[in-house]
Amino acid sequence: TQLLEQSPQFLSIQEGENLTVYCNSSSVFSSLQWYRQEPGEGPVLLVTVVTGGEVKKLKRLTFQFGDARKDSSLHITAAQPGDTGLYLCAGAKAGNQFYFGTGTSLTVIP
Amino acid sequence: DSGVTQTPKHLITATGQRVTLRCSPRSGDLSVYWYQQSLDQGLQFLIQYYNGEERAKGNILERFSAQQFPDLHSELNLSSLELGDSALYFCASSVASSGRAHEQFFGPGTRLTVL
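Protein chains in written order, with this note's numbering: chain A, 1 to 110; chain B, 1 to 115.
Next comes chain A alone, as it looks inside the complex (with noise of 0.2 Å):
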């Protein structure tokens, strides 16, 4: 079993509307990052969290951290097509032990 599991693993929707994913764990880690990887590329890093609570936001993307640090999310309000893409979480434990999630592959119908 993977460290980090991601929720939906799949998800189309139509352009304009809204959409979260879930990344959750039962373990704690020090830091959270949320990549976006598109076929055939390597992940993009869109953002670090690293405070229990945490909310940052990047335009139309909002991405928390949970108050135990153990779980995360990213909420995509009016999505585009633009957006398509593998978002990938991925935590930072102590020892640099270093895990990526499962995945949510999303396609954004025009």
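Incorrect hints may have been included.
Said to hold, decoys possible - No more than 27 Å apart at the CA atoms, straight line, and that leaves these computed lysine-lysine pairs for DSSO-like:
1) K93(A) to K56(A)
2) K57(B) to K70(A)
3) K59(A) to K70(A)
4) K93(A) to K57(B)
5) K57(A) to K70(A)
6) K56(A) to K70(A)
Unchecked claim - Pairwise CB distance ranges (calculated):
7) I109(A) to I12(B): 47 to 55 Å
8) G28(B) to V28(A): 28 to 36 Å
9) I109(A) to G52(B): 46 to 54 Å
10) G16(A) to Q17(B): 22 to 30 Å
To be clear, the hints were calculated from the coordinates, so they are not data collected in a lab. Yeah, the Cβ is synthetic: ideal placement off N, Cα and C, and Gly gets one too.
Fit chain B to the known structure of chain A by using the hints.
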């Protein structure tokens, strides 16, 4: 463009062979990470180097090895290749070795096909 370069972009080889993948980190980054991504396993952390020294190990097979050179570029060596080793291999770099940030910048990847 992340500033991380990987070569080659594609590699096709046969079972039992050995290959070397190369990565140059972003200017100023001391940490290099290697990942394997396959369709059924997702993105798996293999190993991390910081300023030439191994810093963390993930799910790296004994047939695989890596090193980071004084100029900070890194190589991932895969030997006795099996069909199941076919995957995308990514290198990432970051400034920090430890601490809370671990923000990584990924290269474009090397697609390895083992026939």
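Checking against the hints above, which ones are violated?
Going through the list in order, the structure violates hints 7, 10 and respects the others.
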